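Number of protein chains: 2
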Amino acid sequence: MAIKTPYLTVDGIIKIFDEKDRFRGIVLIERKNEPLGLALPGGFVDVGERVEDALKREMKEETSLEVEIIKLLGVYSDPRRDPRFHTASCVFVCRATGEPVGMDDAKEAKIYALEEIPFERLVFDHAEILHDFIEGM
Amino acid sequence: MAIKTPYLTVDGIIKIFDEKDRFRGIVLIERKNEPLGLALPGGFVDVGERVEDALKREMKEETSLEVEIIKLLGVYSDPRRDPRFHTASCVFVCRATGEPVGMDDAKEAKIYALEEIPFERLVFDHAEILHDFIEGM
Numbered sequence: 001m002a003i004k005t006p007y008l009t010v011d012g013i014i015k016i017f018d019e020k021d022r023f024r025g026i027v028l029i030e031r032k033n034e035p036l037g038l039a040l041p042g043g044f045v046d047v048g049e050r051v052e053d054a055l056k057r058e059m060k061e062e063t064s065l066e067v068e069i070i071k072l073l074g075v076y077s078d079p080r081r082d083p084r085f086h087t088a089s090c091v092f093v094c095r096a097t098g099e100p101v102g103m104d105d106a107k108e109a110k111i112y113a114l115e116e117i118p119f120e121r122l123v124f125d126h127a128e129i130l131h132d133f134i135e136g137m
Numbered sequence: 001m002a003i004k005t006p007y008l009t010v011d012g013i014i015k016i017f018d019e020k021d022r023f024r025g026i027v028l029i030e031r032k033n034e035p036l037g038l039a040l041p042g043g044f045v046d047v048g049e050r051v052e053d054a055l056k057r058e059m060k061e062e063t064s065l066e067v068e069i070i071k072l073l074g075v076y077s078d079p080r081r082d083p084r085f086h087t088a089s090c091v092f093v094c095r096a097t098g099e100p101v102g103m104d105d106a107k108e109a110k111i112y113a114l115e116e117i118p119f120e121r122l123v124f125d126h127a128e129i130l131h132d133f134i135e136g137m
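Chains A and B are the protein sequences, given in the same order.
Quick note: the first sequence uses the numbering used here, first residue 1, plus one each step.
Quick note: the second sequence uses the numbering used here, first residue 1, plus one each step.
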């Protein structure tokens, strides 16, 4: 039997806190590859890897941050969410301190205060995800 | 680029209510295929299908019930959770009325009051999932 299911991915909403534990904003990356634009950091889950471990690995690879998971926000699986193929993403809210540094698929990684998020520049369904996150805060 | 990710599945904790909206119990199926034993109804997500639609389709196929989704309980992705290959399961809590009838991969589908669940007969990580569900009730 040849089983085919959507590709499994993870994305992280990283809440950055300063040394006095004040919330500064969340991290968005400028993508190096198509589709170009701003995005939440994230990537594919490897076979043999738990989604929580994939999340921590991808956050480290793309933003250089060590994150602590707060909760699962949801699973986003609309077949049209990625123009390349069908992906289903486990989106986690997590926290970190320090400054992000863009690496790997991220040309740049920057902190955005919630009121400064340029929603119109977000790719995939990341604007919808961030609206859900802000509504649930 | 050949992308390989875990197989994506869904499982449902179906809460059954009677005609007076009293909670009767949850549905477990007797599996027809290996691994044999009791399990939550569930199955693979198809490419092109949202996880919520896969959940409703699988519940219908295996228990004949039309379910309404209440919430996502979590994503279970331990690589050892399925002895056959690596699966990641989106587990939903849902509700339905009526009597389940086992079909497809389910030899039988029955309602179990929470205090009657035979945890030792559950396959995969379904005992862990049901403990998480009961703790969060």
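Hints are computed from structural coordinates only; laboratory data are not their basis.
Since the model is a prediction, treat every value here as computed from it, not as a measurement.
Careful: at least some of the hints might be erroneous.
Heads up, the list lumps identical chains together, so a pair's fine if it works in one copy or across two of them.
Claimed, not checked - Below, in silico cross-link-like pairs of lysine-lysine (DSSO-like), each with a Cα-Cα straight-line distance of 27 Å or less:
no. : residue 1 : residue 2
1   : Lys4      : Lys60
2   : Lys4      : Lys110
3   : Lys107    : Lys4
4   : Lys56     : Lys71
Within a copy, between copies, both or neither: where do Lys4 and Lys60 come within 27 Å Cα-Cα?
between (29 Å within a copy, 20 Å between copies)
If the cut is 27 Å between Cα atoms, do Lys4 and Lys110 qualify within a copy, between copies, both or neither?
Neither way: Lys4 and Lys110 sit 36 Å apart in one copy and 29 Å across, limit 27 Å.
Status of Lys4 relative to Lys107 across identical chains (alpha carbons, at most 27 Å):
between (32 Å within a copy, 24 Å between copies)
Is the C-alpha distance from Lys56 to Lys71 at most 27 Å within one copy, between copies, in both cases, or in neither?
Classified as both; 13 Å inside a copy, 25 Å across copies.
Comparing the model with each numbered hint stated earlier shows that hint 2 is the single one that does not hold.
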